[in-house]
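**Student:** Make the full structure from the sequences, and use the hints.
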Amino acid sequence: MILPRYYRRRKKGKEVPQLEELLAHRDFTGAIALLEFKQHVGEKEEDGNLWIGYCAFHLGDYKRALEEYEALTKQATCKPDVWVNLACTYFFLGMYTQAEQAALKAPKSGLQNRLLFHLAHKAELKNLTDSASSSFEFGKELIKHNLVVFRGGEGALQVLPPLVDVIPEARLNLVIYYLQQDDVQEAYNLIKDLEPTAPQEYILKGVVNAALGQEMGSRDHLKIAQQFFQLVGESASECDTIPGRQCMSSCFFLLRQFPNVLIYLNSIKSYFYNNDTFNFNYAQAKAAMGNFSEAEEVFLLIQSEKIKSDFVYLSWLARCYIMNKKPQLAWKLYLKMETSGDSFNLLQLIANDCYKMRQFYYSAKAFDILERLDNNPEYWEGKRGACVGVFQMILAGREAKETLREVLHLLKSTGNSQVEYIVRVMKKWAKENRVPL
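At position 143 of the sequence shown (counting the first as 1) the number is 143 in full-length UniProt numbering, and the numbers step up by one without a gap.
Hints are computed from structural coordinates only; laboratory data are not their basis.
Just so you know, these numbers come straight off a predicted model, no measurement behind them.
Each hint can be trusted.
Quick list of in silico lysine-lysine cross-link-like pairs, DSSO-like style, CA-CA up to 27 angstroms:
no. : residue 1 : residue 2
1   : Lys332    : Lys308
2   : Lys336    : Lys325
3   : Lys308    : Lys325
4   : Lys74     : Lys38
**Tutor:** Structure below.
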């Protein structure tokens with residue numbers, strides 16, 4: 001892969017640009033995030049799209065690299081080196097005819113020569129993978145493993161399990177596959193006996209233990225995860241990298257030390273502007289610190305339907321709405337949910353948080369449903385207090401008088417003996433003040 005000219009020219013300078021620093025550490029994810037952020041705010045990085053293609057290629061995201069390089073070749077100012085980079089991308093996607101055509105449009109270079117050599121010997125590779133010869137068995141297994149990785153996990157369960165004790169990376173990639181499928185227990189079974197030696201292994205083991213700890217409510221697993229994250233984040237080789245800072249934020253998140261979480265997340269947030277997972281954690285930390293206004297904004301940036309249907313997301317967003325004086329939006333979140341244990345828990349949150357924030361109308365509505373679902377005296381007491389609170393707000397002119405009609409309806413739906421007196425007082429006031437009921 002040929003580097004954009006900007007890097008070769010600036011590399012000799014005494015001051016290392018931020019992009020160069022990321023590339024020097026092979027932090028291609030951070031580099032892409034930086035370039036995308038600069039594009040978003042209108043700052044132009046020299047050869048920005050070429051760099052995005054380069055980084056995507058080295059991350060194994062060949063589809064993204066292909067999109068960038070193909071777009072560049074359609075420009076009148078396309079640099080000749082783009083063609084050989086495009087050819088390499090075609091090659092890794094198995095598009096050998098297109099790879100050869102693109103390579104022949106590129107200037108002569110060592111990379112072009114190597115690529116054409118590989119293209120000339122590619123029918124050989126197919127013959128070898130199709131061969132029944134046992135002497136090439138490991139090579140075939142390695143190719144099958146790599147194809148699963150390149151295809152985003154396609155065929156993982158058929159290919160990777162037999163390779164777990166043959167190719168070291170197979171175990172790690174299978175763990176990642178199980179995590180993506182939310183099969184945390186299988187991921188843990190695969191990695192529990194692995195003794196990590198590299199940062200990536202420590203991080204993956206930490207992620208698995210954190211996921212299992214949250215799923216099972218196990219403090220032991222969460223403690224192990226916190227220790228792994230801390231080990232990576234404080235190591236000399238990783239402490240100044242983006243993964244290292246992510247590890248430290250995860251460590252403090254598990255320790256519920258949210259001021260420290262925000263210190264680390266703030267230091268890298270420019271690289272993750274549109275990253276849903278980052279925004280989910282960032283918003284939670286903001287909300288935990290009581291910064292509900294900013295937390296709400298970040299929660300609403302999230303696009304992932306999987307995250308948006310998670311109860312943690314729904315409950316935190318509902319709390320933000322309530323704290324930001326938008327209880328009607330929290331109520332809409334509940335109405336969109338199907339009846340379940342999570343919807344019951346969200347009702348409890350709305351009922352109690354709205355009561356604390358003197359948003360009595362929605363508190364009364366929530367307590368009313370809770371009382372219907374569970375004949376717990378506490379729910380009647382909450383409903384009674386919220387209904388009286390609405391009445392007080394009406395008296396103070398801070399709630400519409402028409403609301404009284406619905407409050408009376410809520411009160412009459414219960415069988416408690418205290419209702420009659422409360423209803424009588426409210427009706428008397430309504431009559432005296434000519435409020436239609």
